[in-house]
Amino acid sequence: MTNSVHDLGGMDNIGPVIVEENEPVFHNDWERRVFSLTLATLAAGYFRTDEIRRTIEDMPADEYLSTSYYEHWLAGLVALMLEKNVLTTSELASGKSERDEGMRLPPLPKEAAQFAMTNPLPANVDAKVQPRFKIGDRVHTRNMHPMHHTRIPRYGRDKEGVIDTLQAVFLLPDTNAYGGPDTPEHVYTVRFSYQELFGPEASPKDSLYIDMFESYLEPA
Amino acid sequence: MSEHDHSAPLPDVELRVRALEAVLKEKGLVDEATLDTVIDHYENKVGPHIGAQVVARAWTDPDFKARLLADGSATIAEIGHAGLEGTHMAVKENTAQVHNLVVCTLCSCYPWSTLGLPPTWYKSAPYRARAVRDPRGLLEDFGVKLDDDVEVRVWDSTAEQRYLVLPARPDGTDGMSVDELSELVTRDAMIGTGIVAPPA
Chain Z
1 MTNSVHDLGG MDNIGPVIVE ENEPVFHNDW ERRVFSLTLA TLAAGYFRTD
51 EIRRTIEDMP ADEYLSTSYY EHWLAGLVAL MLEKNVLTTS ELASGKSERD
101 EGMRLPPLPK EAAQFAMTNP LPANVDAKVQ PRFKIGDRVH TRNMHPMHHT
151 RIPRYGRDKE GVIDTLQAVF LLPDTNAYGG PDTPEHVYTV RFSYQELFGP
201 EASPKDSLYI DMFESYLEPA
Chain A
221 MSEHDHSAPL PDVELRVRAL EAVLKEKGLV DEATLDTVID HYENKVGPHI
271 GAQVVARAWT DPDFKARLLA DGSATIAEIG HAGLEGTHMA VKENTAQVHN
321 LVVCTLCSCY PWSTLGLPPT WYKSAPYRAR AVRDPRGLLE DFGVKLDDDV
371 EVRVWDSTAE QRYLVLPARP DGTDGMSVDE LSELVTRDAM IGTGIVAPPA
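Sequences listed follow chains Z and A, in order.
The working numbering applies: residue 1 is where the first sequence begins, and numbers increase by one.
The working numbering applies: residue 221 is where the second sequence begins, and numbers increase by one.
Keep in mind the hints are simulated off the structure, nothing from the lab.
Check each hint, because a few of them may be wrong.
[As the list claims (entries may be wrong)] Reference excerpt, derived from the structure (chain A facing chain Z, CB under 10 Å, subset only):
hint: 1; residue: 251
hint: 2; residue: 263
hint: 3; residue: 328
hint: 4; residue: 340
hint: 5; residue: 344
hint: 6; residue: 345
hint: 7; residue: 352
hint: 8; residue: 354
[What the hints assert, rightly or not] Simulated coverage check for chain A against chain Z, where a stretch passes if three residues somewhere in it have a Cβ under 8 Å from a Cβ of chain Z:
hint: 9; region: 355–362
hint: 10; region: 374–386
All figures in this text were calculated on a predicted structure; none of them were measured in a lab.
Don't be surprised by glycine CBs; every beta carbon is placed ideally from N, CA and C.
Based on the provided sequences and hints, a complete structural model is requested.
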């Protein structure tokens with residue numbers, strides 16, 4: 001959902017940044033398992049990255065803020081597996097497969113591990129789409145609040161900025177997060193002044209750069 | 221491998237993960253060898269040492285640096301470090317005039333293939349909120365005091381491109397080799413929450 005608590009940029013009173021010295025990659029074994037289960041099922045093509053972003057963002061706000069990163073992954077992965085009818089709540093409770101339907105998915109490909117490590121997911125697409133904007137163009141970000149997944153942060157909506165970089169063509173997360181339809185769009189890095197985003201009291205020198213899909217933008 | 225006391229009841233999250241893993245394995249959708257390989261790769265193979273090599277090379281090879289800043293993905297791939305969450309890379313150079321800071325406000329996007337998996341603080345709500353709201357205050361908390369005439373550029377990675385900061389090369393490093401230089405480069409300096417200190 002778009003305006004939920006995951007959209008944290010610019011919020012106040014969230015608490016101090018706590019740095020753990022010499023932090024290990026994983027703090028315990030269940031984190032390793034959640035991480036690798038998610039990557040294996042992603043590499044097997046059972047879901048798209050944008051889909052698990054969506055199911056994580058759909059966590060209730062209080063739960064989202066009070067649980068750890070890998071608990072987010074667990075919640076997101078379980079929600080997707082249930083949504084796609086790979087598993088049932090009863091199977092998750094018992095830890096045993098109770099039916100064959102889930103087996104209709106293709107088995108994990110042999111190269112899944114390699115894929116999850118070094119073979120980049122094709123996040124960009126080879127679509128012949130003409131970019132609407134060019135570097136230096138002034139753009140206005142849409143004042144949009146859709147009731148679905150999106151990747152335009154709230155603090156960057158209804159603002160004026162300048163196209164800094166033209167990136168590749170990617171699938172629009174707003175539809176990709178539901179498994180499609182595929183909507184290839186150019187992505188731009190857009191530069192905003194701090195004063196445009198946070199008012200005249202903000203630094204006159206500093207800038208914020210946000211990666212924006214083309215349909216989030218209109219000419220200024 | 222579990223680090224809890226085996227005589228104590230398993231925490232709920234651990235039970236849920238075990239059940240999920242058991243069902244996925246029983247259905248043949250994941251297998252142990254794949255899981256182990258993936259864990260080993262991210263726990264033991266990738267990490268900030270890769271980014272440090274990229275940075276040290278850029279400090280010593282002007283052509284490499286120019287290519288790196290112009291096309292991060294291709295140039296990092298050139299030395300063998302492409303991969304998941306690092307397919308599209310942009311490298312931003314810190315100078316005496318400009319300080320770059322990287323965040324992902326909507327989730328925790330991070331250049332896995334050059335820095336490994338992100339630290340907890342990078343993924344935390346306070347960092348994601350404050351990097352945008354008050355980058356200079358945040359940097360001070362990390363021990364980075366910027367002069368007022370330095371321009372701060374915050375990069376919010378909301379799409380598929382991942383960002384690596386190319387920190388400034390510290391004084392007192394003339395004549396050092398790429399490997400010696402890479403030892404000086406910290407993970408935080410490549411996120412933008414640190415600077416590279418001169419050798420002690």
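Now the hints, each set against the structure:
Among the interface hints, the one on residue 251(A) holds; its C-beta lies about 6 Å from the nearest C-beta in chain Z, closer than the 10 Å criterion. With 10 Å as the threshold, the beta carbon of residue 263(A) comes within range of chain Z, its nearest partner Cβ sitting at about 5 Å, so the hint holds. Here the hint on residue 328(A) is kept, as its CB sits about 7 Å from the closest CB of chain Z, short of 10 Å. For residue 340(A), the interface hint holds, the least distance from its beta-carbon to any beta-carbon of chain Z being 6 Å, beneath 10 Å.
A distance limit of 10 Å between C-beta atoms decides the matter here; for residue 344(A) the minimum to chain Z is near 7 Å, and the interface restraint holds. Against a cut-off of 10 Å between C-beta atoms, the interface hint on residue 345(A) holds, since the closest Cβ of chain Z lies about 5 Å away. Proximity of residue 352(A) to chain Z holds as hinted, the smallest CB-CB distance being about 4 Å (cut-off 10 Å). Among the interface hints, the one on residue 354(A) holds; its C-beta lies about 9 Å from the nearest C-beta in chain Z, closer than the 10 Å criterion.
For the region 355–362 of chain A, the stated coverage by chain Z holds: 5 residues have a C-beta nearer than 8 Å to a C-beta of that chain, and at least 3 were required. Residues of the region 374–386 of chain A with a Cβ under 8 Å from some Cβ of chain Z number 8, which satisfies the need for three, so the listed coverage holds.
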